[in-house]
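Undergrad: Residue-level listing of the chains:
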Amino acid sequence: MPSTRPLSLSRLFSPPKSSGPPPCSCDAPARPARQSALKQRLSAFNWRGLVLPLAAFALLWLVSALHLVKNGLLVSPVDVARTAVQQIQSGALLRALSASLAREASGFVIGTAGGLLLGAALGFSRIATRVIGPTFDTFKQISLFAWIPLISVWFGPGDMAKVVFLSLAALLPVAAHTCDGIHAVSPRYVEVARAFRYSRLQMARFVILPAALPSIFTGIYLALIYSWLATLGAEYLLVAGSGIGNTLIDGSEQFRMDLMLFGIIVVGITGWALNALARGVERRVLARRSGASRERAAA
Amino acid sequence: MSKAIDQWPAITKRATLDREQASPASEQVQRRVRAIVWHLAPWLLPAALFTLWSIGCARGWIAPQILPPPQQVFDTLYELAISGDLARNTLVSLQRVLVGFGVGTLAGFFIGAALGLSRTVEAYVLPAFNALVQIPVLGWLPFLLLLVGVGEPLKYILIAHAALVPVTLSTMQGVRNTPAALDEVARVFGYSRLQRVVYVVLPAAVPTLATGVRLAFTKAWLALVVVELVASSEGLGYLIVYGRQLFQLDLVMASVVIVGAIGFAINRALDALEARLRRGQPSAFRE
Amino acid sequence: MTTTTVSEGIRIRNVSKRYAQQDEANGTLLVLDDISLDIAQGEFVSVLGASGCGKSTLLRLVAGLDRDFRGNISVDGERVRDTSLERGIVFQDHRLFPWLTASQNILAALRNAPLSTQQKREAVAEHVALVGLEGFEHAYPHQLSGGMAQRVAIARGLVNRPRVLLLDEPFGALDALTRGRLQNELQRIWQHERITMILVTHDVDEAIYLGDRVVTMAPRPGRVKRIAHVGLPRPRERSDARFIRLREQILADFTDRPAPADHGTPGSGLRASVHEPRITEWRLAW
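Chains as they are written, first to last, in the working numbering: chain A, 1 to 299; chain B, 1001 to 1287; chain C, 2001 to 2286.
Okay, chain A solo, but in the shape it has when bound (with noise of 0.2 Å):
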C-alpha cells in the first residue's frame, strides 16, 4: 500500500515496519511473550495417548472389583502390582531376567562374531560368494524356530543348546547385512582409493568398510531384536533352566494371569530398552556422516 504520509524525521530514524496482511477479526488474541519451559514440554506432551490405556487400565478394575465375570482368570491391576513387588522383593525377577539376558548376551555376542566373520568373507571374496553364498540364503529362509528339536538333540536340552540356537539367530542377519553392506559399496569410492594407490588392505580398511558400516549396523541391531525373540522361543521350547520365559510359562501353566501379565510387561520393558540402547548407538557412531545435520554453508 503506497505510503502517502509526508516524510517525517521519525521515519526517518525508526525502522520501517513491514506491511503484513491487514488486521482481521479472527486474529488470535496475543499470547504471553513467555511461555516456562515446563509448560510448553507439558502442551507438547501427547495426552490424548493415554486415554485408551487409562481406560482400558480402569475398565478391567472395575470388571475385576465388581467381580461382574465368575472367571479365575480375570485379575485386577492391584493383582498384578502385587504380584510385581513380589515377584521384585522376592528376587525371582532379577534371576529370571538376569538368566535370560546373559544368555541372550553370550548368544549375540557369538553370532554377531561370527556374523562379521562370515558377512566379510563373503563380501570381500567373489569365489566365496558364489560357493557358500546360495547356501546360506537358502539356509537363511528356513524358519529359525524350526531348529531347535535338532539342536536340543544334539546339544542337549540345557543351556549350551539355547546358547547356541541364540548365535545362530543373531549370526544370520549380521552375515547378511554386512556382506551385503560391502557388495554394495559404490565403486566410485573404490576408484578415488585407485586414484590414491590404495593397497587391498587400505582398500579394505579405509573404504570398504567405512562405507559399509550403516548396513553392518543395521545388521548387530536385528540380531539384537532376534536374538531377544530367540531367547524367549528357546525358553518355551526348551524349558529346563529359568529365565523370564520360564516365568511366562509358569504363570500359564498355574493358572495364573497376574503372574503373566506382569511378565508380559517386563518382556515388553526389556524388549523396548534393548531396542532404544541399540538405537542409541547406532545413532552416536553414524550421526556424523549422514544427513543429520541440516547445516548448509554458502559456496
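What the hints contain is simulated information worked out from the structure, not anything from laboratory work.
C-beta atoms are modelled at their ideal positions from N, C-alpha and C, and glycine is treated no differently.
Hints are not guaranteed to be accurate.
As the list claims (entries may be wrong) - Just some of the chain A residues that point at chain C, by a computed CB distance under 8 Å:
#1 Arg188
#2 Glu191
#3 Ala195
#4 Tyr198
#5 Gln202
#6 Pro210
Unchecked claim - Straight-line C-alpha distance at most 25 Å; calculated SDA-like pairs for lysine to any residue:
#7 A:Lys39 - B:Phe1074
#8 A:Lys140 - A:Ile225
#9 C:Lys2120 - A:Ala204
Place chains B and C on chain A using the hints.
TA: Same frame as chain A, now just chains B and C:
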C-alpha cells in the same frame, strides 16, 4: 550395477605390459571352462556336505539317533508323501498361516490407514499401539494359551498378530509419506478428500505396503512354526516335535526340509509379487 | 640412442578402445578411434564434446583407471599402466568419503605419499587455503554445499602435487552461478600451481575460458575433430569479440550451421550468419 568387489582384480594384479593377443581358440576354451565352473559353483558346498553326511553315517562316525543317514530321511519323506500324512499336515499348516496372514494383513491395512490418514486417531491410538508392539508375538503365547486354550483360535490369533504389526506400521508410513508433490497436483485438480485418498495416497503407498506385507508373511510363517512346536497336535511343526520326542530324527529332518521348502517357495513368490508392485524401486526388505 | 624431442608432457598415440556388447554375439562398440594428442608440460587443455563422444573415457585412460585399450599413453616419458599419485583426478560427483571431514578427505589422498605426518598435515592445510575453505576443515561432506565439496575434491586432487590434474566435468553438477565462481577459482589455482591440467567438459564457454587449447571431439566413434588454440591473455573476458568468434567457430562443429567467416579484424562485431526460419514459417499447435 558393478559391485566394488568386481574392481578387486584391477588393484591386486600388477599391471601387465601390453600382452600379445592370445590365440582366440585357447582363450575361448578358457572362458568356456570358467563359465561352467562358475555356474556349478553353488552346488559345490551342498554336494560336499551331503557326501560328508553319507560317509559319516555309513562309517558309523555318528550315531543314527543323532544324525540319521540321508537314505533314511528320503525314505521317511517318501512314506510321509505316500501315506498322505505330509499332505494333511501341510494343508493344516498352510490353512492356518493363510487365514491368519490374511486376517492380520487386512486388519493391519485398515488400522494403518486410519493411523496414517487421521491425526486424531494417531494421537489416541498410536502410543498404546507402540507399547503393545514392544511385546513380541512370543510374549503373547502363554497369555493366549491361558485365555483361549490350545486350539485353532490360538494359532489364528497369534499368526494374525504377527502379520498385523508390520502391515500396520508400513501402511501408516506409506500413507503418511505421500510425496507432497503428488498431493499438490491432486489439489490443483480439485480432488475431494476421498478422491485424493483413493487415487493418490493409496497408489503411492503401494511400494511401502508391499514391503510391509512381505515382512508380515515372514513373521507369520515364523509364528506358525513356533505355535505348532509349542501347542499343536497337527501340522508341520507338530511333526517336528513328534519326531523329536520319539527320537525319530529322520522325521524331524524331513519335516524341517519341508518347512524350509515351503517357506522358500512362498518367499520367492512374494518377492516376485513385491517386485511387480514396487515397479522398479529397490526394496528395503532384507531379512 | 636418438633422444626423443618431447619427453615431457603427455603423449597420447593412436589410442583406441572397444567395449564388448553384451547382447550381440560379436558386436563391439568402438568408443575411441585412433586418438593422438600431445600436451605440453604446464598446459591447460580443454576437451570438449557432447555426451557419448568418449571424452570421459579418454580421461580415465590417461588416469590409468582403465587399462584395456590399444595404443600408447605416456606421461613424462613413462607409460601409463595403472593409476599413479602423479596423476590426480577430480570427478563430476565429488566422491568425498562421507565418513570423513573435509581435511580428513584431503589427508586420505596422502596415505601412500612419502611424507612425514607433519608434512602431510602441512600439505593439507596449505591446500585447504589454496581452495579457499579455511574454517571448514572439520565439516562433513553433507554439511557442505556442492561448490564447496567440489573445491575439497580439487584440493584432494592437488595435494599429492601431481604432474597432471585430470578433471572430468567437475562443475557439471553445480548451478550456473557457482560454476562461474569455481571456474575463476580453477584458473587462479592453475596460474598459481602451473601443473598440467586436462579438463573434460561439454560447456563451450568453460572450455574456451579455461584452456590454452580446446580439443573438440566428435562422437560415435570418439575422435578428435578440431584443435583450436585460444590465444587470449588471462584473465579472459567472455564478452571479448575474439572469445565470441572462437565460440561460434567451435559451436559450428556441433551444429549443421556453416561456420562464420573469420573476419580477422577485432571489434568487427557479430554477424548473424545463421538462417533462422521466419515467423511466418512457424506452425502453431492451435
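Undergrad: Does A:Tyr198 hold up as a contact with chain C if the rule is Cβ-Cβ below 8 Å?
TA: This hint holds: A:Tyr198 lies near chain C, its Cβ roughly 7 Å from the closest one there, short of 8 Å.
Undergrad: Checking one constraint from the list: CA of A:Lys39 to CA of B:Phe1074, max 25 Å. Satisfied?
TA: violated, 71 Å
Undergrad: Tell me if the straight-line CA distance from C:Lys2120 to A:Ala204 falls inside 25 Å.
TA: holds, 22 Å
Undergrad: So, A:Pro210 near chain C? Judge it on the closest CB pair being under 8 Å.
TA: With Cβ-Cβ at 4 Å, under 8 Å, it holds.
Undergrad: Do the numbers back the hint for A:Gln202, that is, is its least Cβ distance to chain C under 8 Å?
TA: Since chain C brings a Cβ to about 6 Å from A:Gln202, closer than 8 Å, the hint holds.
Undergrad: For the pair we were handed, A:Lys140 and A:Ile225, check the Cα-Cα distance against 25 Å.
TA: Satisfied, since the Cα-Cα distance of roughly 16 Å is no more than 25 Å.
Undergrad: Close enough to count: is the Cβ of A:Glu191 nearer than 8 Å to one in chain C?
TA: With a closest approach of 6 Å, the A:Glu191 hint holds.
Undergrad: Just to be careful: measuring from the Cβ of A:Arg188 to every Cβ in chain C, is the smallest value less than 8 Å?
TA: A:Arg188 check passes; min Cβ-Cβ to chain C is 5 Å, inside 8 Å.
Undergrad: Should the hint that A:Ala195 touches chain C count as held when the rule is a Cβ pair under 8 Å?
TA: Nearest chain C Cβ about 5 Å off; hint holds.
Violated hint: 7 only; the structure is consistent with all others.
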